[in-house]
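Please work from the sequences and hints to get the whole structure.
Chains as they are written, first to last, in the numbering used here: chain A, 1 to 338; chain B, 1 to 425.
Derived from the structure by calculation, the hints contain no laboratory data. Don't take each hint at face value.
[As the list claims (entries may be wrong)] In silico PhoX-like links for lysine-lysine, alpha-carbon gap of 20 Å or less:
(1) A:Lys47 - B:Lys18
(2) A:Lys211 - B:Lys399
(3) A:Lys266 - A:Lys219
(4) B:Lys18 - B:Lys321
[Stated by the list, open to error] Some chain A residues near chain B, calculated using beta-carbon distances under 7 Å:
(5) Gly61
(6) Gly69
(7) Val72
(8) Ser96
(9) Glu97
(10) Tyr103
(11) Asp108
(12) Tyr109
(13) Thr138
(14) His139
(15) Gly142
(16) Pro313
(17) Ala315
C-beta atoms are modelled at their ideal positions from N, C-alpha and C, and glycine is treated no differently.
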Amino acid sequence: MAQMNMVQAINSALDVMLGRDPRVVVFGEDVGYFGGVFRCTDGLQRKYGEHRVLDTPIAEGGIVATAIGMGVNGLRPVAEIQFADYIYPAFDQIVSELARLRYRTAGDYSAPVTIRTPCGGGIRGGQTHSQSPEGVFTHVCGIKVVMPSNPYDAKGLLISSIEDEDPVVFFEPKRIYNGPFDGDPHKPAVPWSTHPKGEVPEGHYAIPIGKAEIVRPGKDVTILTYGTMVHVAEAAVQLAGVDAEIVDVRTMVPLDVDTLCTSVCKTGRCVIVHEATRFSGFGAELSATVQEECFWHLEAPIQRVTGWDTPYPHAFEWDYFPGPARIVAALRGVMEAR
Amino acid sequence: MTQSRLHVPHPPARPGEKPDFSYLEIPPAGHEPRPDTLTPALEIERLGTGMVRVLDEQGHAVGAWNPHLEPEDLQVALRHMLLTRHFDERMQRMQRQGRISFYMKSTGEEAVAVAQAMALEPGDMLFPSYRTQGLFIVRGKSLVDLMCQCLSNTRDMCRGRQMPIMYHWAEGNIFSISGNLATQFPQAVGWAMAAAIKGEDRIAATWIGEGSSAEADFHHAMTFAAVYQAPVILNVVNNQWAISSFQGFAGGERRTFAQRGPGYGIPGVRVDGNDFLAVYAVTRWAAERARASGGPTLIEHVTYRAAAHSTSDDPSRYRPKEEWQAWPLGDPITRLKNHLIALGEWSEERHAALEKELEAHVTACWKEAVTYGTLTEGPTLDPVSMFEDVFHDMPPHLKRQREELRRLLAAQHAAAAAQVPDAEG
Numbered sequence: 001m002a003q004m005n006m007v008q009a010i011n012s013a014l015d016v017m018l019g020r021d022p023r024v025v026v027f028g029e030d031v032g033y034f035g036g037v038f039r040c041t042d043g044l045q046r047k048y049g050e051h052r053v054l055d056t057p058i059a060e061g062g063i064v065a066t067a068i069g070m071g072v073n074g075l076r077p078v079a080e081i082q083f084a085d086y087i088y089p090a091f092d093q094i095v096s097e098l099a100r101l102r103y104r105t106a107g108d109y110s111a112p113v114t115i116r117t118p119c120g121g122g123i124r125g126g127q128t129h130s131q132s133p134e135g136v137f138t139h140v141c142g143i144k145v146v147m148p149s150n151p152y153d154a155k156g157l158l159i160s161s162i163e164d165e166d167p168v169v170f171f172e173p174k175r176i177y178n179g180p181f182d183g184d185p186h187k188p189a190v191p192w193s194t195h196p197k198g199e200v201p202e203g204h205y206a207i208p209i210g211k212a213e214i215v216r217p218g219k220d221v222t223i224l225t226y227g228t229m230v231h232v233a234e235a236a237v238q239l240a241g242v243d244a245e246i247v248d249v250r251t252m253v254p255l256d257v258d259t260l261c262t263s264v265c266k267t268g269r270c271v272i273v274h275e276a277t278r279f280s281g282f283g284a285e286l287s288a289t290v291q292e293e294c295f296w297h298l299e300a301p302i303q304r305v306t307g308w309d310t311p312y313p314h315a316f317e318w319d320y321f322p323g324p325a326r327i328v329a330a331l332r333g334v335m336e337a338r
Numbered sequence: 001m002t003q004s005r006l007h008v009p010h011p012p013a014r015p016g017e018k019p020d021f022s023y024l025e026i027p028p029a030g031h032e033p034r035p036d037t038l039t040p041a042l043e044i045e046r047l048g049t050g051m052v053r054v055l056d057e058q059g060h061a062v063g064a065w066n067p068h069l070e071p072e073d074l075q076v077a078l079r080h081m082l083l084t085r086h087f088d089e090r091m092q093r094m095q096r097q098g099r100i101s102f103y104m105k106s107t108g109e110e111a112v113a114v115a116q117a118m119a120l121e122p123g124d125m126l127f128p129s130y131r132t133q134g135l136f137i138v139r140g141k142s143l144v145d146l147m148c149q150c151l152s153n154t155r156d157m158c159r160g161r162q163m164p165i166m167y168h169w170a171e172g173n174i175f176s177i178s179g180n181l182a183t184q185f186p187q188a189v190g191w192a193m194a195a196a197i198k199g200e201d202r203i204a205a206t207w208i209g210e211g212s213s214a215e216a217d218f219h220h221a222m223t224f225a226a227v228y229q230a231p232v233i234l235n236v237v238n239n240q241w242a243i244s245s246f247q248g249f250a251g252g253e254r255r256t257f258a259q260r261g262p263g264y265g266i267p268g269v270r271v272d273g274n275d276f277l278a279v280y281a282v283t284r285w286a287a288e289r290a291r292a293s294g295g296p297t298l299i300e301h302v303t304y305r306a307a308a309h310s311t312s313d314d315p316s317r318y319r320p321k322e323e324w325q326a327w328p329l330g331d332p333i334t335r336l337k338n339h340l341i342a343l344g345e346w347s348e349e350r351h352a353a354l355e356k357e358l359e360a361h362v363t364a365c366w367k368e369a370v371t372y373g374t375l376t377e378g379p380t381l382d383p384v385s386m387f388e389d390v391f392h393d394m395p396p397h398l399k400r401q402r403e404e405l406r407r408l409l410a411a412q413h414a415a416a417a418a419q420v421p422d423a424e425g
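This is the structure:
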């Protein structure tokens with residue numbers, strides 16, 4: 001075991017897979033010589049050469065399209081989109097091509113592409129470096145959608161994504177690259193070395209895609225969340241003084257309905273937390289699923305705590321961010337409802 | 001005071017007007033020199049403004065680009081082109097009879113796909129567009145298979161998931177056709193990059209129309225191909241029309257499409273797309289260059305879409321009916337046929353016999369294809385198969401939905417079965 005932050009864990013996953021599987025290639029804007037703007041690919045080109053770890057032109061559509069072509073030709077491409085906010089030029093290639101290639105060819109062609117992309121706010125990124133578009137991709141048939149909340153999961157889930165036969169969009173919450181974040185920007189930064197999930201094996205291991213994890217057992221209310229918000233929810237539970245069960249969804253597609261709904265049926269209450277905007281956000285799917293599966297166990301209406309339905313404003317990011325105070329209010333709301 | 005004005009392109013002729021192709025400069029056959037295959041792109045910019053032509057007005061092959069093919073190869077080429085045309089005619093008729101939902105003919109453009117598929121190696125990977133059915137025919141995909149795809153029947157390679165003509169053939173190294181235009185262009189570049197990463201000698205080739213060269217995918221493909229010197233042939237089939245929009249709407253009024261190549265550092269070659277020998281020769285040139293690490297080539301094929309865009313289109317509403325007859329580069333099949341006759345290797349009698357043979361072949365294939373089902377007559381695919389191949393392994397939510405559909409279908413069948421005795425009674 002080693003101490004790793006999320007950047008190092010992701011780098012380690014790529015290193016392990018480049019070393020194990022000659023079909024793996026890693027590319028994107030600034031990922032080669034420089035090692036990535038967030039350093040996730042640091043040192044990999046030096047180690048594996050520029051045929052395996054490449055810089056690309058600034059053309060997300062071209063990055064995903066060429067990844068598809070490489071995948072069809074037997075490689076396992078891992079493409080980086082520098083910010084999730086930049087993924088939209090590649091939308092057609094992801095939605096119409098990558099997601100449906102296996103389907104439209106009845107399994108004769110497929111492209112096992114992994115798209116890594118940093119998401120989320122709280123880094124003074126304004127409306128073009130802060131978005132959480134995971135919900136958009138969950139609405140597309142044929143791609144898996146993953147978002148880890150800690151270094152251990154990040155490495156294990158990224159290895160699973162690269163080994164998966166299907167395309168995966170792998171969201172990396174960049175606010176927690178260097179340490180868990182409890183939602184209070186005024187506190188000093190906390191490193192991952194203080195967190196048990198900062199302990200990461202150096203070799204190969206896989207965390208299955210499609211499995212949620214209960215990160216805090218509890219009996220009063222279930223919080224369904226993922227990414228950065230797992231840590232914000234943990235802080236909110238302390239503040240609210242309720243015995244909440246926190247479920248880290250980890251994989252949006254395929255969704256681990258059993259784990260989520262078993263928890264809600266047990267606690268009878270559900271608060272859904274994500275940083276992305278609310279309207280038609282992934283929380284709406286979670287809420288509908290819980291309603292369908294757990295209706296007769298519910299003691300209170302399901303509540304959602306999310307980013308507001310506005311673009312992510314640069315000057316007001318902490319008024320926008322769904323911080324602990326809003327989660328506490330939601331927890332109290334569902335506990336008091338009768 | 002000056003005021004800006006928008007230039008909205010107009011085609012030279014609309015319905016009722018006299019066809020006018022004076023915008024096309026057509027040099028005589030044999031005019032263009034053939035540079036060494038590894039000549040730097042910027043030293044051969046003139047290939048993007050001229051036009052490589054081999055067959056002259058008398059049906060003779062002339063000039064440096066003459067590929068000197070054996071008569072037997074030319075006869076095979078003529079057969080492939082004629083078969084493509086007969087196949088198209090039959091499928092168009094079947095659509096008109098309501099047997100298939102949709103079709104797209106390649107009439108007038110057969111030389112492009114047929115010559116290029118013949119010029120490339122069987123291991124080279126083809127990323128087709130929707131009007132390159134000749135690629136499948138040259139590589140030997142059976143017409144029955146193509147028809148079954150159009151019929152969405154029990155032998156449909158796409159298992160009922162794609163509109164007609166969206167074929168693919170993994171064993172034949174032909175990629176899947178997408179209805180989202182131009183997406184295959186940069187994908188082919190990625191495939192070619194992978195071939196180079198793996199150190200193979202296989203190359204990729206891909207096709208788009210001049211209309212969809214306006215998509216960002218064209219720019220992505222050109223940029224990535226140039227940056228990494230990918231072994232790929234990028235073909236723009238300029239058939240003058242993108243549904244109702246003439247080539248001026250894709251930017252063809254001011255520069256040829258081939259001229260875009262040198263802007264990226266890629267050779268751009270403009271070729272008479274209705275000249276089988278010229279298309280073959282240019283493709284061989286580009287393939288040799290790609291295989292020798294000389295990088296990509298952009299080829300503009302100047303041709304004419306003689307048919308409607310698709311069975312859903314009526315070109316008489318936007319272009320003169322007789323435009324095809326006025327097209328200065330003629331009919332690619334007639335031109336190759338005349339060349340073979342000029343060589344003393346073909347005759348009108350042999351041609352008529354071949355047409356008869358191919359028509360009978362197409363008829364026999366259709367008769368077989370419909371035995372595997374049509375859109376309206378059995379046997380039919382099982383609708384619950386729609387849940388397969390979304391993912392490699394079916395996730396739980398799709399299994400649940402499949403069960404729901406299965407129950408619905410069972411209830412429908414039970415209700416239908418229960419009605420039968422009543423109807424008889």
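Name the hints, by number, that the structure is in violation of. Failing hints, ascending: 1, 13, 14, 16, 17.
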